[in-house]
Structure formats: C-alpha cells, structure tokens
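Chain order of the listed sequences is X and E. FYI, the numbering for the first sequence is 1 to 346, going by the working numbering. FYI, the numbering for the second sequence is 1 to 346, going by the working numbering.
Worth flagging that the hints you see were computed from the coordinates, not collected in a lab. Bear in mind that the values here come from a model prediction, so they are computed numbers and not experimental data. Some clues are possibly wrong.
Stated by the list, open to error - In silico contact screen, one side only, chain X against chain E (beta carbon under 7 Å); selected entries:
1. 204
2. 216
3. 259
4. 262
5. 266
6. 272
7. 277
Don't be surprised by glycine CBs; every beta carbon is placed ideally from N, CA and C.
Number of protein chains: 2
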Amino acid sequence: MSQSSTQNRQWLLASRPHGAPTTDNFRLETTSIPEPADGQLLLRTIWLSLDPYMRGRMSDAPSYSPPVEIGAVMVGGTVSRVEKSNHPDYQPGEWVLGYSGWQDYDVSDGSGLVKLGTDPEHPSWSLGVLGMPGFTAYMGLLDIGQPKSGETLVVAAATGPVGATVGQIGKLKGCRVVGVAGGAEKCRHAVEVLGFDQCVDHHAGDFAEQLKQACPQGIDIYYENVGGKVFDAVLPLLNTAARVPVCGLVSGYNATDLPPGPDRLGLLMGTILKKRIRMQGFIINQDYGYRIAEFQQEMGRWVQEGKIHYREQVTDELENAPQALIGLLEGKNFGKVVIRVANNNL
Amino acid sequence: MSQSSTQNRQWLLASRPHGAPTTDNFRLETTSIPEPADGQLLLRTIWLSLDPYMRGRMSDAPSYSPPVEIGAVMVGGTVSRVEKSNHPDYQPGEWVLGYSGWQDYDVSDGSGLVKLGTDPEHPSWSLGVLGMPGFTAYMGLLDIGQPKSGETLVVAAATGPVGATVGQIGKLKGCRVVGVAGGAEKCRHAVEVLGFDQCVDHHAGDFAEQLKQACPQGIDIYYENVGGKVFDAVLPLLNTAARVPVCGLVSGYNATDLPPGPDRLGLLMGTILKKRIRMQGFIINQDYGYRIAEFQQEMGRWVQEGKIHYREQVTDELENAPQALIGLLEGKNFGKVVIRVANNNL
Numbered sequence: 001m002s003q004s005s006t007q008n009r010q011w012l013l014a015s016r017p018h019g020a021p022t023t024d025n026f027r028l029e030t031t032s033i034p035e036p037a038d039g040q041l042l043l044r045t046i047w048l049s050l051d052p053y054m055r056g057r058m059s060d061a062p063s064y065s066p067p068v069e070i071g072a073v074m075v076g077g078t079v080s081r082v083e084k085s086n087h088p089d090y091q092p093g094e095w096v097l098g099y100s101g102w103q104d105y106d107v108s109d110g111s112g113l114v115k116l117g118t119d120p121e122h123p124s125w126s127l128g129v130l131g132m133p134g135f136t137a138y139m140g141l142l143d144i145g146q147p148k149s150g151e152t153l154v155v156a157a158a159t160g161p162v163g164a165t166v167g168q169i170g171k172l173k174g175c176r177v178v179g180v181a182g183g184a185e186k187c188r189h190a191v192e193v194l195g196f197d198q199c200v201d202h203h204a205g206d207f208a209e210q211l212k213q214a215c216p217q218g219i220d221i222y223y224e225n226v227g228g229k230v231f232d233a234v235l236p237l238l239n240t241a242a243r244v245p246v247c248g249l250v251s252g253y254n255a256t257d258l259p260p261g262p263d264r265l266g267l268l269m270g271t272i273l274k275k276r277i278r279m280q281g282f283i284i285n286q287d288y289g290y291r292i293a294e295f296q297q298e299m300g301r302w303v304q305e306g307k308i309h310y311r312e313q314v315t316d317e318l319e320n321a322p323q324a325l326i327g328l329l330e331g332k333n334f335g336k337v338v339i340r341v342a343n344n345n346l
Numbered sequence: 001m002s003q004s005s006t007q008n009r010q011w012l013l014a015s016r017p018h019g020a021p022t023t024d025n026f027r028l029e030t031t032s033i034p035e036p037a038d039g040q041l042l043l044r045t046i047w048l049s050l051d052p053y054m055r056g057r058m059s060d061a062p063s064y065s066p067p068v069e070i071g072a073v074m075v076g077g078t079v080s081r082v083e084k085s086n087h088p089d090y091q092p093g094e095w096v097l098g099y100s101g102w103q104d105y106d107v108s109d110g111s112g113l114v115k116l117g118t119d120p121e122h123p124s125w126s127l128g129v130l131g132m133p134g135f136t137a138y139m140g141l142l143d144i145g146q147p148k149s150g151e152t153l154v155v156a157a158a159t160g161p162v163g164a165t166v167g168q169i170g171k172l173k174g175c176r177v178v179g180v181a182g183g184a185e186k187c188r189h190a191v192e193v194l195g196f197d198q199c200v201d202h203h204a205g206d207f208a209e210q211l212k213q214a215c216p217q218g219i220d221i222y223y224e225n226v227g228g229k230v231f232d233a234v235l236p237l238l239n240t241a242a243r244v245p246v247c248g249l250v251s252g253y254n255a256t257d258l259p260p261g262p263d264r265l266g267l268l269m270g271t272i273l274k275k276r277i278r279m280q281g282f283i284i285n286q287d288y289g290y291r292i293a294e295f296q297q298e299m300g301r302w303v304q305e306g307k308i309h310y311r312e313q314v315t316d317e318l319e320n321a322p323q324a325l326i327g328l329l330e331g332k333n334f335g336k337v338v339i340r341v342a343n344n345n346l
C-alpha cells in the first residue's frame, strides 16, 4: 500500500523489544488525514530518516530523551512538503525538515521546522550529511576530538553517515584516518571513495591485530559509534592525551544483560588516568544546537566543492521501515538509511 | 639515626611490590655526601613529600612516568636548603622546592628548582596546598570540573591534601560540597573545619545509600581520587552533563588482578553516552604547567586570607618514610603526609 492522498499510514510502537527489535514490536495503522487548524500546516512526508538512536527510544530505560509511548507513532526526522497551510509563514509546495515520525502526514504549528525552499536539489541530504548525522560528526570530531595534523584518527562504523563524515573531515584536517567497518566491500569504499588511509574489517578473526598494524603510531582520537569488541581493540592502542568522543554504542543497544567478567570498569578508569584521556558523551542538539549555523555553512561548502562524499541507502515505502531499522542495528546498511515514503514529484 | 652532616641516607627501591608494598620493597643505604661540581649546588633535604602517585612509580607497568629503577633512590618532592653552591644563582642558606627524592642530600644544577627565599614561613606547604597537590586540586576542579554556583560537587579522599582543597574551592565557587572520607573523625573535620556541607563515611555498610541521601539533586561534578566502591556509588547518581576529573584511583593501586564480573566497562561507556558525561584524566605538570603562576597567585591569596584551611600529618625521620607511604595507601593518614627529614633550624 503506497502513500495516498486520503489516508494516513502510521507505524506505532506496539511493544518494547527485549534484545533485538522484531517486526512484532511495530504495528501499522491507517487513519484519516488530520486537518490543520488555524496557525497550523499539513505536512506530507517524502523522506523518513532511520537512525540507531531509535532503538533507545523504543526502550523505557532512563536516557536523554523520553521513550516513545506504547501505541504512539515512532519518532523520526523527516523531510516533508507543505500540503495545506493555515500559517502565515508557510505556503503549500514548500519543503521542510521536521520531526513527523513514521507516518505519511502530520500537522505542525511550525515550531522546530527548518525551511528547505520550494525546489531543493537533494532534499533527503538534510537527514544525513547536511543534517543531524553530519552535525554530529562535525561537532564531535572538531570540538571533543580536536584533530591536529599528523594525528591518527580511528573511526568506527566508517561507512555510516556519521563515520564517513568524521573520517573525511579528519582527512581535511590532516589526520591519518583508519576506518573500522563490517566487510570487505565497506572497507574498500572507505579507502577508495572516502579517501581513508586504511580500513579494517571487524569481522576478521585477527581484527585487533590488524587494527594495531594499521595504527603504528597508536591512536590519538577514537570516534566511538560502536563499542563492544571494536572499543576493546582500541583501548590498548590509545595514546597519551587521546580524545574519545562517545557518539554511539550501537553494538550494545540490543544487549539485555551485562557481559561476564572480569570487571573492566576500573581498567578503563585507570587507562583514562594514566594516559590522561578525555572521554565525552554528547547529544548533538542539546550540546551544540547553538553552533548549527557554523556547521551548515562549512559543511555546505565542503559538499558543494566535492570534498565530502555522501552515500545513501534508499528503501522505498513506509511499510519497510521496521525491517530497515532492524537491519541498520545489525550493521546491514551501507550508507545513510532513508525511507522514500512518497515520490519527490507526487 | 638522624640526619648528619657527614653521611647521606638514601631509601632505594629494593624490589617491586606485588599488591600492597611492604617495608621489604625498600632498602636504606648510607653513602657519603656528594660534592657539587662547577655550576652545581648541594641540597640538604628538610621536608619530603609522600604522595599516592609513588605507588605507581614502584611498578613497571606502563604509565605516564618511567618507573623507579630497582636500586635507585625513591622519587619524591622535597623542600631543601642550599648547603653549598658553585652556581651563580644560588647562595647557601636559600630554600628551594625540588625533587631530591628519599634522601638527605642531593646535588643539582638548578634545573627544576623553585626558590622559596631565605626564611619561608611554612616551607613544607610548598609540598601541599601551595604545591603539586594544591595545583592538582585547583586545575582539575576549575578546568575539567567547571563548577557553577548551586551545583553538587562530590569529593573523594575529602581530608587529603587534594580533596580538602577541591572541596574548599568548590565552596568558594558556590557549590554544595559533599565529601567522602574514611571514618567519623575525618568526616567531622570535613564539615566542621573545611566547611563542606556534608561528608559520608565510606566505611559505613550503607555507604551508597548515605551518599544518595546526601545528594538529593544528583552529582554534577565528581572529583575522583579513589575509584572502587566510592565510584560505584557515585556512578548512578551522576547528572546529565556531569564532569569527572580523574585525578587518582588510590583504592586500586595495590590491585593485582581485575575483579570478577560482570564486566561493567560497557555500562560506564553507556552512562557517559546517555548522560553526556565528560571524564578526563590529567597529570598536573604535563597538562597545566603553563598555568602555575595563576595558581600560585590565587591560592596564595586564599591561604593568606584564611579561605583555605590546610592540615599536615608530620612524621619525623627519613627512616619512617616506607611505613608512612604504606599507611597513606591504606588511607591511614589524616591530612597531607610529610616527612620532617631534618629540623628547620639545623
């Protein structure tokens, strides 16, 4: 069932996952299209972004954002077209970046929307390299990572929308960039297309040894998206005064229990002490919202000049969103995952 | 055997400890007093500082400083008087802060020495509140901790030279300050003399619960000197955007193995991510040497104005240094531990 002009499909959170999400955790419902009241506008979703943070929002464990309620529409960033407007600042036909979630239509009072004009060249890119993932890469690397020319930067999830951008900015700043990705094809892409110096396949049996070989001068910056065995291999290679922006830990998002011992919490703290390491978690909008204009200007120029390459994995149809998110959490995507909810030219 | 003007007592590292150091790890030797060559001076140790970092220097595990070699003089900060000088910048009778280690006499070419004048009022304080421990407290709290008025600051080892200074600076900055110390007497001192708002005894069976009660608004800054069960109690109380300067982990310095599981390394990283926490290790001189003048000026004024209280635990005689260090690592000291190697007026 494709998007229609008479009905609103919505993916609701049906139940909270225990471990990896399954399609049973989601429920598709169809309702009528809402009518915008005075001061409101009706948005039609064209692109929906899928991102690892969504796994956290499906849980009710304490986190930086409240969980999605059971029976509520799944959250998500969207690029939409204004269909109707009772709002003085918006006209039908305009494109906006917003937060409509996993549904065809949404009403908005305009708050939180970013205008994208009437004919954006790559509207979905506002969900990736020019949007939240790109901004996350940019601030985490530049503000916490503080890259200096000649330093070694290791990036996990190297071909994802954050990792690919981190590594390419690292190259622009003169770093030696080593990616970590799952599989030979992604690793080849990181080196041949993104311009990383090396990329190591974390599926390899001797992954830790390969990473060590790829970092003969140790690691000055580790941009953390993954956790788990990738971090385990990174930890002994961190140099004195290394910086570790902690952006994500996707390998652990489906975990249900702590792993067996020994307990390495004290080992990590001892390493932070002895090597004078800075580890810092961050949530892009809360921590860096005030620097969005700087990011948009600089990243926009880099993309226009061809200095930053960007890869999307497009899945058609809103129906496929749950399976696409499940695959993303398993690392099966190759590039930024977006759902084409409706044709650009509808 | 007291200090003499004809012999030089030296405590050498006899063997590396496995677990807690014992007196067998040290060996006292007596040699003749060295003669300063041209451009050198002879220093007579009056005060020797004992500090937790010394445990690390007794080991050969990788760290930020090279280990003391077996058979070499134990390292340590010292306040000395110039006995002879073949150096144009120094006169006999002057006092200097230096790094002569655990011995009566040392020759120096002047590098690394800090002049203390000919009649310093409290010469040993240069080893504590006005020296390395005070500087460590000052920079770790102000630069990494970034205290803001109204925030809750928790300080481990609250009556030690670093912790006591951290907490008092925190009060000057308007924080609610909660100390953690071992025993009722130290806790009373932290509140009644140092002016902390509360202090919790980590020997208490319900220590974690008591700490939680003492921090009804959670913890914004945890100044880490201890690790172990104190950190375990702190971790769930950390607020969003908390800062954790990692200055020391004295509870783990004698550990020989990792503790049993579950493995909480990932739990710590997940907390850093979800709560956007900054954890940062630092070594005072490497990281902040360039800001020593600022520290000396501000701390000197605070001490003079009576805004910072300082407590020393003085042990007489160089012979007692090993036992005093062993006690320090067990938390048996109360205040800054210094050895009076010779009488001030000798």
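(request) Could you check if residue 266/X really has its C-beta closer than 7 Å to a C-beta on chain E? (result) holds (5 Å)
(message) Would the hint on residue 262/X be counted as holding, given a Cβ-Cβ threshold of 7 Å to chain E?
(response) For residue 262/X, the interface hint holds, since the closest Cβ of chain E sits about 4 Å away, which is under 7 Å.
(message) Interface hint check: residue 216/X, Cβ to nearest Cβ on chain E, cutoff 7 Å. Holds or violated?
(response) violated (17 Å)
(request) Go through the hint on residue 259/X and say holds or violated, using the shortest Cβ distance to chain E against 7 Å. (result) Holds: closest Cβ of chain E sits about 5 Å from residue 259/X, inside 7 Å.
(request) Against chain E, run the beta carbon of residue 204/X and see if the smallest gap drops under 7 Å. (result) Because about 22 Å separates residue 204/X from the closest Cβ in chain E, which is outside the 7 Å limit, the hint is violated.
(request) Identify whether the interface hint at residue 272/X stands, where standing means a beta carbon of chain E within less than 7 Å of its own. (result) Holds, because the Cβ-Cβ distance from residue 272/X to chain E comes to roughly 4 Å (cut-off 7 Å).
(message) Restraint: residue 277/X near chain E, CB-CB cut 7 Å. Satisfied or not?
(response) With a minimum Cβ separation of about 6 Å from chain E (threshold 7 Å), the hint on residue 277/X holds.
Hint compliance for this structure: hints 1 and 2 are broken, all remaining hints hold.
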